[in-house]
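**Student:** Sequences and hints are given; from them, build the entire structure.
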Amino acid sequence: MLFYTLKRFGLASLVALTVSFISFGLLYLSSDPAIAMAGETASDADIEAIRKLYGFDRPILVQYFDWLQRAIGGDLGKSYYFRTNVSALIGERLPTTMMLGVSAITFAILFSVPLGVAAAIRPNSIIDRVALFLSVMGQALPSFWFALMLIVLLSVNMRLLPTSGSDTWLHFVMPTVVLGYYAAPAIMRLTRTGMLEVLSTDYIRTARAKGLRPVVVLFKHALRNAIIPVVSLAAVQFGFMLGGSIVVETIFALHGAGFLAWESITRNDLPTVQGLILVFSLFYIVLTFFADLLNAWLDPRIRIS
Amino acid sequence: MIIGSVIVITVIAIALLAPLMAPHDPYHQDLMRRLVPPVWDSRGSWEHILGTDHLGRDYLSRLIYGARISLLIGIGAAVISGIIGTFMGVMAGYFGGRVDMVVTFLITVRLSMPVVLVALAVVAIVGGSLQVVVTVLGLLLWDRFAVVMRSSTLQIRSMDYVAAARAVGCSTSRVLIAEVMPNVVNNLIVITTIEIAHAIILEAALSFLGLGVQPPLPSWGLMVSEGKDMMLFEPWLITIPGVALFMLVLAINLMGDGVRDITAPENRN
Chain A
1 MLFYTLKRFG LASLVALTVS FISFGLLYLS SDPAIAMAGE TASDADIEAI
51 RKLYGFDRPI LVQYFDWLQR AIGGDLGKSY YFRTNVSALI GERLPTTMML
101 GVSAITFAIL FSVPLGVAAA IRPNSIIDRV ALFLSVMGQA LPSFWFALML
151 IVLLSVNMRL LPTSGSDTWL HFVMPTVVLG YYAAPAIMRL TRTGMLEVLS
201 TDYIRTARAK GLRPVVVLFK HALRNAIIPV VSLAAVQFGF MLGGSIVVET
251 IFALHGAGFL AWESITRNDL PTVQGLILVF SLFYIVLTFF ADLLNAWLDP
301 RIRIS
Chain B
1 MIIGSVIVIT VIAIALLAPL MAPHDPYHQD LMRRLVPPVW DSRGSWEHIL
51 GTDHLGRDYL SRLIYGARIS LLIGIGAAVI SGIIGTFMGV MAGYFGGRVD
101 MVVTFLITVR LSMPVVLVAL AVVAIVGGSL QVVVTVLGLL LWDRFAVVMR
151 SSTLQIRSMD YVAAARAVGC STSRVLIAEV MPNVVNNLIV ITTIEIAHAI
201 ILEAALSFLG LGVQPPLPSW GLMVSEGKDM MLFEPWLITI PGVALFMLVL
251 AINLMGDGVR DITAPENRN
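Chains as they are written, first to last, in this note's numbering: chain A, 1 to 305; chain B, 1 to 269.
No lab work stands behind these hints, which were simulated from the structure alone.
Some but not every residue of chain B turned toward chain A, in silico, with C-beta under 8 Å:
{"no.": "1", "residue": "V109"}
{"no.": "2", "residue": "V115"}
{"no.": "3", "residue": "V116"}
{"no.": "4", "residue": "L117"}
{"no.": "5", "residue": "L120"}
{"no.": "6", "residue": "V122"}
{"no.": "7", "residue": "A124"}
{"no.": "8", "residue": "A204"}
{"no.": "9", "residue": "L232"}
{"no.": "10", "residue": "P235"}
{"no.": "11", "residue": "F246"}
{"no.": "12", "residue": "L250"}
No residue lacks a Cβ here, since even glycine has one placed at the ideal position from N, Cα and C.
**Tutor:** Printed below as a string of structure tokens:
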């Protein structure tokens, strides 16, 4: 287990390093940041001054290692627009996004795991068909449009929920649904196939044969085994959700990291965009790292191969 | 699957025949006739069946021309990412070893980067246009192709007919093209439909946020975005392009599911 952990950790670090290089290079190679900062009408002398001031005149690799060194120390540079430290800025906005992400993945799991189990108990029953129908519909629904329709329906027509802001828990209801529904179909399908597979195994037949109550067989014997792959899928989906929060937070004006991403992208605020790409990627890498470890711990076959 | 195919073929036909189908010029502004509601509204008229937008442009014509953009971006991005992902996946699955390690690593790197954020950032820097959106999405969406092609090739590689082809002295490229590719093409079709749908949704989201296809092009995502400010009074402005988007993506997904059920019935669950 220790060897496996070390191996996974080394791989995760290497991925993180590559991602940091891409997120740095991506934004630098495609344009001249000095011109972007100075504006289209600036004189050549002004652009040159900015280039010197921010160190854009140095070779790109030197700039990268300089940035990386500081990023490891937690310093992601200074925002061009907000004029504050990027790390502090992201740190301030991240809790809102985390809260949204956690409630969205909880919503997705609470909705899709029971549905997946119910569908697997009776394949091709009405419940199974409804579950399939919902998952096909859910995958085709564009989230930004779904969000707007919910606003029109729930906030404007029925006056049930507030449209924008992040003051009370009511403000999080619609964003949670919009962010969560997209992950639900995948989790539901995986729960269903997992349960179908486990329910046809010999040990379930044995458990039934020795007269255990159906509820015990279903939850203690079957679900516990079927849920293992669902855990890592949920971790992956949670990582994707943080990236997807940009659309949802922009529409509902939730002042989280996703909204910050939109603000800084539209304002050409390169250090903040770089910082956010790095933080979101790192979060995903850490999540999948722990999901891998959890899987290896639950299923010894994984760590041997 | 039949419903899905019918819808997809209809949308393709509409997109191809847009100049013949559209009742008006999708770019022609008529500021005297702004925000005319659709025909089912009591204020609507048959002249503009789906009404007009905030600049007095015919909504039905814009919707019809918008189908071109969605399909162009969906298919274009899927072709680019399909070529990249298939090449990487087949190489990794067939050669294994170091090649496989590198490809798997690249897939992990790609998966850890948030697609929407990276796409938005690149479009913001390079400037939004149809070509940029197609290229950016194409360069970002190859991961699923690579994953599926890798595992399919891994299965095919150990088949007797591959060993036989090698034994009679076929070159590696011949084995790959004549033996491996025909047997992974079914999976390739299924993934392609998924990614076309994925790219269409992403384009709409990017355009909705103002960092995708630029006005005055009639992208469906852009139409939702332009109608957003008036959605409380004229909800049809966002309902119509949204429903079109939903139907097209749903139809493509249904078609993909259908192809999978026919070619690999064992994966139905």
